[in-house]
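Going down the list, the protein sequences come from chains A and B.
Quick note on numbering: the first sequence equals residues 108 to 382 in the working numbering.
Quick note on numbering: the second sequence equals residues 108 to 382 in the working numbering.
Warning: the hint list may mix true and false statements.
Copies of the same chain look alike in the list, so a pair counts if it fits in one copy or across any two.
List of simulated lysine to any residue pairs, SDA-like, C-alpha gap at most 25 Å [as the list claims (entries may be wrong)]: (1) 157 to 296; (2) 358 to 200; (3) 373 to 285; (4) 217 to 138; (5) 366 to 332; (6) 345 to 377; (7) 217 to 239; (8) 157 to 366; (9) 330 to 344; (10) 373 to 353; (11) 358 to 214; (12) 347 to 214.
What the hints contain is simulated information worked out from the structure, not anything from laboratory work.
Just so it is clear, the structure is predicted and the values come from calculations on it, not from any experiment.
Number of protein chains: 2
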Amino acid sequence: MRSNIVVFTIRKFIPYLITILLLVLLYNVYRQWLSNLQFPTIIVITPTHKRLERLADMTRLAQTLSHVKNLHWIVIEDANHTVEAVQRILDRSGLPYVYFFTTTENGFPKRGWSHRNQGLLYVRKNYKNYNRPGVVYFADDDNSYDIRLFDKYIRKVKTIGIWAVGLSGGALVEAPRVVNRTIVAWDVVYAPGREFAIDMAGFAINLQSILNSNASFHRGCVKQVPETCFLRQFNIPKEKIEPFGYDDEPKEILVWHTKTRSTIAKGERHGYVVE
Amino acid sequence: MRSNIVVFTIRKFIPYLITILLLVLLYNVYRQWLSNLQFPTIIVITPTHKRLERLADMTRLAQTLSHVKNLHWIVIEDANHTVEAVQRILDRSGLPYVYFFTTTENGFPKRGWSHRNQGLLYVRKNYKNYNRPGVVYFADDDNSYDIRLFDKYIRKVKTIGIWAVGLSGGALVEAPRVVNRTIVAWDVVYAPGREFAIDMAGFAINLQSILNSNASFHRGCVKQVPETCFLRQFNIPKEKIEPFGYDDEPKEILVWHTKTRSTIAKGERHGYVVE
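Modelling step: build the complete structure from the supplied sequences, incorporating the hints.
Here it is as structure tokens:
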């Protein structure tokens, strides 16, 4: 019967078909592996300190960052110990993270500087032989982040990338002024003459640039604006700084320098974890 | 040859195997469909209004809620128009939502009351014949939500559920005091004598209870505390109110009544969307 012949012919080809399917599968796995190798890791450095709103802020930030693929989180406690409730937030985030503590060095501004420096030390030590590209970003725990910031801006930074920040420096918007894809000035309210008039939330730096430099928030920066002092140490000419978002349509802000209003809270803990 | 017999025997069983596999698959699809029907929908009502920090707050809230399964979001603008930038946030959230506007009725407190009432009207009209269980929750856009709040507490509410809120009413924690699984008093700083001494973020109500009542933030509530006035209208005895989280170990707070500090921002928009 004719149908028998057809069935026989199809049967004969099954081993070839299976082989081809397996090869296609293998090729796709290989391509995925290659593209993963080339997909930059975002390394986020977050200083944090005890205050009544901290667990709320860290909870929100962890839940925001957990939307982002291939993100490593370095969290540095401003204390001489880590805090269990923070550790639990980090565990729940599902993100790869490290959490350690340091106190402020003598003669340094009270918060963040020593902690960001420790974060940079950690990066330079542990990512020295990292086999994937990466970008380093400083993210304070009370700011507000649109998750598009990470994939649209940060992950694409090849040297130093800069973008607009909302509600920073007493301004509605602090932004680089861009002409022909080049930053020519700063659209800011506070100290427009700064060499890098941008908030800590407004820039990210490629891992290679971090590894090739010793840039830090060092003692010599203490009487300067920290962002400018830090960014100058990379010796990257203004023309090589990459502006983001200036040509978006609509021009949206993807990060805001917010602060959670501090509460004058009284009363008992009633057994609840508040820190 | 013996091996030929084995191959033949296996071949004979293939149609039966395929049939069994298909039946198992169908059964699982049916079970999934049944369990989906029984999985309560969380209906979140959020009043929002124009202010400098609003897009930051709404961005964070949208990104938080987008972690939660089977959540419907009702957002009510305090204005006589909706706002494009808010609409875009809602679109990006990937959540099923409705977004409409209303202004405050004459003689009503300035914010939220009329908007929550419109949200309740929407629920009573559109979920009347809803074929799944549901729970209604009021979520302001500047509070901080641990996503466990939704699955551990809200989704389980059968009548009215109540839990601790951080940083509310001038207290570190506002919480129900629970003895033998029953709320006997309120561990709060502000007005402990209130019948329901709990923040708007500290309770949720089963959809059936909403549909069986006309409870609202009505004119008669204006000189009262809104939460107490609203909750009394359900005529649900205190013993039937379900406390959550009081026996957790550790006792964690899953929602905080936070406010984003308002900024006195100056300067231009420089073409960026700030509202």
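Each hint, compared with the structure:
1. With identical chains, the CA atoms of residue 157 and residue 296 are at most 25 Å apart between copies only, with a shortest distance of 22 Å across copies and 30 Å within one.
2. Within a single copy, residue 358 and residue 200 get their C-alpha atoms only as close as 30 Å, which misses the 25 Å cut-off; across copies the closest is 19 Å, which meets it.
3. Within a single copy, residue 373 and residue 285 get their C-alpha atoms only as close as 49 Å, which misses the 25 Å cut-off; across copies the closest is 21 Å, which meets it.
4. For the identical chains of this complex, residue 217 and residue 138 are neighbours neither inside a copy (48 Å) nor across copies (58 Å), given an alpha-carbon limit of 25 Å.
5. Taking CA atoms no more than 25 Å apart as the test, residue 366 paired with residue 332 passes inside one copy only; the shortest distance there is 20 Å, against 28 Å between copies.
6. For the homomeric pair residue 345 and residue 377, the shortest alpha-carbon distance between copies (21 Å) is at most 25 Å, but the shortest distance inside one copy (55 Å) is not.
7. When the C-alpha separation of residue 217 and residue 239 is checked against a cutoff of 25 Å, the pair qualifies neither within a copy, at 35 Å, nor between copies, at 54 Å.
8. Taking identical chains as interchangeable, the C-alpha atoms of residue 157 and residue 366 lie at most 25 Å apart whether they share a chain (14 Å) or sit on different chains (18 Å).
9. Taking the shortest alpha-carbon separations for residue 330 and residue 344, only the intra-copy value of 23 Å comes in at or below 25 Å, while the best inter-copy value is 63 Å.
10. Taking CA atoms no more than 25 Å apart as the test, residue 373 paired with residue 353 passes between copies only; the shortest distance there is 20 Å, against 45 Å inside one copy.
11. Proximity of residue 358 and residue 214 under a CA criterion of 25 Å is satisfied in neither setting, with 41 Å inside one chain copy and 39 Å between copies.
12. Taking the closest pair of Cα atoms, residue 347 and residue 214 never come within 25 Å of each other, the shortest separation being 34 Å inside a single copy and 59 Å across copies.
In this structure, the hints that do not hold are numbers 4, 7, 11, 12, in rising order.
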